[in-house]
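There are 2 protein chains.
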Amino acid sequence: MKFVFSISVLVRALLLSALFALSTHAQAQTDPLPSWNAGQAKQAIVNFVHDTTDQASPKFVPPAERVATFDQDGTLWVEQPVYAQVRYILDRVPALVKVKPELATVEPFKTVLSGNGAAIATLTTPDFETLAMATLTGLSVEQFSAQVKAWLATSRDPRWDQPYTALTYLPMQEVLDFLRTSGYKTYIVTGGGQDFVRAYAQAVYGIPPEQVVGSAVGTTFGYDEDGKPLLTKSPKLLLNDNNAGKPEGIHLMIGQRPRMAVGNSIGDRQMLEYTKAGDGVRLSMLVLHDDAKREYAYGPAQGLPASNVGTFTQALYEQADKQGWTVISMKNDWKKVFAFD
Amino acid sequence: MKFVFSISVLVRALLLSALFALSTHAQAQTDPLPSWNAGQAKQAIVNFVHDTTDQASPKFVPPAERVATFDQDGTLWVEQPVYAQVRYILDRVPALVKVKPELATVEPFKTVLSGNGAAIATLTTPDFETLAMATLTGLSVEQFSAQVKAWLATSRDPRWDQPYTALTYLPMQEVLDFLRTSGYKTYIVTGGGQDFVRAYAQAVYGIPPEQVVGSAVGTTFGYDEDGKPLLTKSPKLLLNDNNAGKPEGIHLMIGQRPRMAVGNSIGDRQMLEYTKAGDGVRLSMLVLHDDAKREYAYGPAQGLPASNVGTFTQALYEQADKQGWTVISMKNDWKKVFAFD
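Protein chains in written order, with the numbering used here: chain A, 1 to 341; chain B, 342 to 682.
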């Protein structure tokens, strides 16, 4: 008895000292955001996570309420010069015309098939909606997912000659990891297609399909020729996850107001307003693309060149200032932009 | 060195033997489904969980794909003689008329206010839709949730004189717990109102709001008189989560085919078909209410009395048999129905 007792005391002492050494070591070593320069933006994230996850903090948030939402295009990965999904839709047209040859002589398919960049650039929004419905619907959800994955495996961004999935921002990947390690559920809330993003969100961001909220067409339940049940993507927009559609989509799909939200354009405004208006500590952030050298520079906030893709107006910049949102300067706040840099 | 080594060997041996004792003890003691009688249904659940979570099993399912979906009314809690949400809607009418007195003389509000049960029973489906839209929309999502919670705190089921939230089936609560302990995400997929169920799903079932899929009206983003952003429930049905709407809602909200699904009526048929049609091991189950003494008996499958609430036809019963779904007999499979029994 005496022997066992003394052993256990000894073991406990050894274990405690080992744990202590380990934890001091970990604290001294680990910066959760190594690709961020010291500054307001990095500090805002670190403070937010500390304040909401430290049991001793008066602003502590229980794990079940730790929800963080991220726009995708321009916030988690590159959106210039055109959204990846736009390239996907254009790239799908030849395969579509193979199946439906009658489309080859019909606009806007004819123009896309011509490969004439200048002509393609003149396509209107209704043209584009026609292309989107033709390429994104009428097939089963499994077929669609397989087509997107196949495209991602072979297509390359023209500027960096990288797969699109490599064009995610390393600093934002670190934020996603840091939040998850701190008990947050991380969601993508995108104006892009929900099923499109789901096809790669787990592999690229560690975000499972149920945590992707996006614009969505409905599906129709039915049976294939063997009587096997299947869901077919139907050509009817069910959710337009832009502007006011973002908080509306968040309520539908998540049912809780986020504690943190990050965007980069006027399409994210309502999501950031809704997030910041909640009680307790809330963090709303905007990525400002002010780094033409390492990525792109566009606004037109702060005198940056105007852009139709990911418009960030001066009014949005001023609203951020007034409402206590944090603007992330790509140029100043990010030590590194891409993992391949 | 020698001393430390021998201590560590000793400690390891002690720890191993302690762990071994603990685990054999746990295995011998713990039945994850103590309110279930031994039988096919219980065995089907135990086998399913074992086959899909044992790393050595050829049917192993990675944790990210462990999705189980449950109908609510009649599957997780009592739905007879009328759905709890129907009682809620009728109970809300007096408060609604206080705010909008002009409704007092308008049908169907007038009939509901009369309190005449026989007259209320004659209300048509369009009448009921009018009542639903009037009581469930036009207010903020937070106001709605607060009203539902307040109602649940005071209302009582007339048969057992219990809060509605006490009328959940203990055996199904055990299945939810067993699945979650085994790394499954448990979802409610209900024809009832998504926001209605979200108001209590965490407290009653341990299911967070983002894991409740249900029929839903849209919301409209706007600002209150102080300029604070808010979401108002709008009187337009966005998702009808019944029949084919169940697998469609599952795809929209979860984005994965369930591994397991449980229902109790013809409204769950497509969800069970869709689930069972997936690859690998899938479990589809139906609760048969054949226990008038402890709960209710209705079908009309197996010669049970017909019912408009939770109809379980003989054709559904035969489909279950043909497609390898498991029917749970409340009478035979459940040792105990309610925790308060």
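Note that these hints are calculated values from the structure, not bench results.
The structure displayed is predicted, hence computed values, not measured ones.
Hints may be right or wrong, so weigh each one.
Calculated pairs, DSBU-like style, for lysine-lysine (alpha carbon to alpha carbon, straight line, at most 35 Å) [stated by the list, open to error]:
(1) 617/B - 400/B
(2) 569/B - 236/A
(3) 322/A - 149/A
(4) 451/B - 441/B
(5) 228/A - 617/B
(6) 228/A - 59/A
(7) 441/B - 276/A
(8) 663/B - 441/B
(9) 677/B - 663/B
(10) 322/A - 677/B
(11) 236/A - 617/B
(12) 400/B - 149/A
(13) 276/A - 110/A
(14) 577/B - 228/A
(15) 663/B - 490/B
(16) 59/A - 569/B
(17) 236/A - 98/A
(18) 331/A - 569/B
(19) 228/A - 400/B
(20) 149/A - 617/B
(21) 276/A - 490/B
(22) 276/A - 236/A
(23) 98/A - 228/A
(24) 663/B - 228/A
(25) 490/B - 228/A
(26) 236/A - 577/B
(27) 100/A - 672/B
Examples of chain B residues lying across from chain A (beta carbon under 7 Å, computed) [as the list claims (entries may be wrong)]:
(28) 395
(29) 400
(30) 404
(31) 405
(32) 482
(33) 487
(34) 494
(35) 495
(36) 499
(37) 569
(38) 572
(39) 576
(40) 592
We put the beta carbon where it would ideally sit given N, CA and C, even for glycine.
Hints and how they fare:
1. 617/B - 400/B: OK: residue 617/B and residue 400/B at ~14 Å, within 35 Å.
2. 569/B - 236/A: holds (32 Å)
3. 322/A - 149/A: violated (42 Å)
4. 451/B - 441/B: holds (13 Å)
5. 228/A - 617/B: holds (10 Å)
6. 228/A - 59/A: violated (51 Å)
7. 441/B - 276/A: holds (33 Å)
8. 663/B - 441/B: Violated, because 53 Å separates the two Cα atoms, which is more than 35 Å.
9. 677/B - 663/B: holds (29 Å)
10. 322/A - 677/B: violated (59 Å)
11. 236/A - 617/B: Distance ~27 Å between residue 236/A and residue 617/B Cα, so the pair holds.
12. 400/B - 149/A: holds (25 Å)
13. 276/A - 110/A: Violated - the C-alpha atoms of residue 110/A and residue 276/A are around 46 Å apart, more than 35 Å.
14. 577/B - 228/A: Holds - the C-alpha atoms of residue 228/A and residue 577/B are around 32 Å apart, at most 35 Å.
15. 663/B - 490/B: Since the Cα atoms of residue 663/B and residue 490/B sit roughly 42 Å apart, the hinted pair is violated (cutoff 35 Å).
16. 59/A - 569/B: holds (21 Å)
17. 236/A - 98/A: Given pair residue 236/A, residue 98/A holds - Cα atoms ~24 Å apart, limit 35 Å.
18. 331/A - 569/B: Holds - the C-alpha atoms of residue 569/B and residue 331/A are around 33 Å apart, at most 35 Å.
19. 228/A - 400/B: Satisfied, since the Cα-Cα distance of roughly 21 Å is no more than 35 Å.
20. 149/A - 617/B: holds (25 Å)
21. 276/A - 490/B: Holds, at roughly 25 Å.
22. 276/A - 236/A: holds (32 Å)
23. 98/A - 228/A: holds (26 Å)
24. 663/B - 228/A: Judged against 35 Å, a Cα distance of about 14 Å means the pair holds.
25. 490/B - 228/A: violated (41 Å)
26. 236/A - 577/B: holds (16 Å)
27. 100/A - 672/B: It is violated: about 56 Å lies between the C-alpha atoms, which goes past 35 Å.
28. 395: It is violated, given that the least Cβ distance between residue 395/B and chain A is near 22 Å, above 7 Å.
29. 400: violated (20 Å)
30. 404: At 10 Å from the nearest chain A Cβ, residue 404/B fails the 7 Å test, so the hint is violated.
31. 405: holds (6 Å)
32. 482: holds (6 Å)
33. 487: Violated, about 14 Å.
34. 494: Interface hint status for residue 494/B: violated (20 Å vs cutoff 7 Å).
35. 495: Where the cut-off is 7 Å and the nearest Cβ of chain A is about 24 Å from residue 495/B, the hint is violated.
36. 499: Given a least distance of 30 Å, the restraint on residue 499/B is violated.
37. 569: For residue 569/B, the interface hint holds, since the closest Cβ of chain A sits about 5 Å away, which is under 7 Å.
38. 572: It holds, given that the least Cβ distance between residue 572/B and chain A is near 5 Å, below 7 Å.
39. 576: Violated, about 15 Å.
40. 592: Holds - the Cβ of residue 592/B comes within 7 Å of chain A, reaching about 5 Å at its closest.
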